[in-house]
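Undergrad: Residues in the sequence shown are numbered consecutively from 1, following UniProt numbering.
There may be inaccurate statements among the hints.
[As the list claims (entries may be wrong)] Once the Cα atoms are required to be at most 35 Å apart in a straight line, the calculated DSBU-like pairs of lysine-lysine come out as:
hint, residue 1, residue 2
1, K178, K121
2, K185, K121
3, K121, K177
[Claimed, not checked] Using C-beta positions, here's what the derived DEER-type ranges look like:
hint, residue 1, residue 2, range
4, G65, G197, 35 to 41 Å
5, G63, A174, 38 to 44 Å
6, R129, G65, 23 to 29 Å
7, M34, D118, 33 to 39 Å
8, A50, G197, 31 to 37 Å
9, R117, L165, 33 to 39 Å
10, D36, K185, 30 to 36 Å
11, N195, R57, 35 to 41 Å
The hints are simulated quantities; they were obtained by calculation from the structure and are not laboratory data. Think of the CB as a built atom: it goes at the ideal place given N, C-alpha and C, for glycine as much as any other residue.
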Amino acid sequence: MIIVMCSPYGITFPSNETPWSCRKNRAVAYRGPMTDFAAHPDDTIRRAHALAAEAHRDNVRPGPGGEDEPYLRHVERVAEIVEAAGGAPQLVAAALLHDVAEDHREFWAVARDGVARDVVKHVETLTRRSGESYPDFVERTAADGQSRAIKLADVRDNHGSLDNLPTGTDDERARVKKLRARYEKALERLELAENEGEGRDEGPKR
Numbered sequence: 001m002i003i004v005m006c007s008p009y010g011i012t013f014p015s016n017e018t019p020w021s022c023r024k025n026r027a028v029a030y031r032g033p034m035t036d037f038a039a040h041p042d043d044t045i046r047r048a049h050a051l052a053a054e055a056h057r058d059n060v061r062p063g064p065g066g067e068d069e070p071y072l073r074h075v076e077r078v079a080e081i082v083e084a085a086g087g088a089p090q091l092v093a094a095a096l097l098h099d100v101a102e103d104h105r106e107f108w109a110v111a112r113d114g115v116a117r118d119v120v121k122h123v124e125t126l127t128r129r130s131g132e133s134y135p136d137f138v139e140r141t142a143a144d145g146q147s148r149a150i151k152l153a154d155v156r157d158n159h160g161s162l163d164n165l166p167t168g169t170d171d172e173r174a175r176v177k178k179l180r181a182r183y184e185k186a187l188e189r190l191e192l193a194e195n196e197g198e199g200r201d202e203g204p205k206r
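I would like the entire structure built from these sequences, with the hints used as guidance.
TA: Spelled out as structure tokens, the structure:
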């Protein structure tokens, strides 16, 4: 497993091959070998990965070099960050599933019955509610001492992936600028909450 995370916001792992970049000491970018969550020794994590793979099977997002990448890569990166930071299996599982409830509501309505209750709780905390503004969503997740670790990893990966978005037109450049500002503001709030230990009893540790 090769991971690079920018200090001082995460653990730094040695890497001599993985291409990466740090902007403002916040971005997390790694595209090297990933953990094989499908063969993970923990059953909760394996099942979550299988559900995420099924839910996102037709989804893609802009990847490095102007090519699309499977959306599953994003949730795997988020889960890998959470696990590398010592996240318990239920947090890693929730990281794999964190976009399923919002992006695939009908699938989640059925799949959630086979998911552990604490994993469901984290996933639903990480799901933006109808009519909820993005700042309010960030504020709510920032207040949850364990689910926050997943949202922080999610925003870090999204922020670190902004350079993959097209910028050939004024509208595209404006969109990237808006997203960058949104993610950086979210990171400031989430990092402040993490540093101050808001809403945390034990934290997302094994």
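Undergrad: Could you work out which of the previously given hints the structure breaks and list their numbers from low to high?
TA: Hints 5, 6, 7 contradicted; others consistent.
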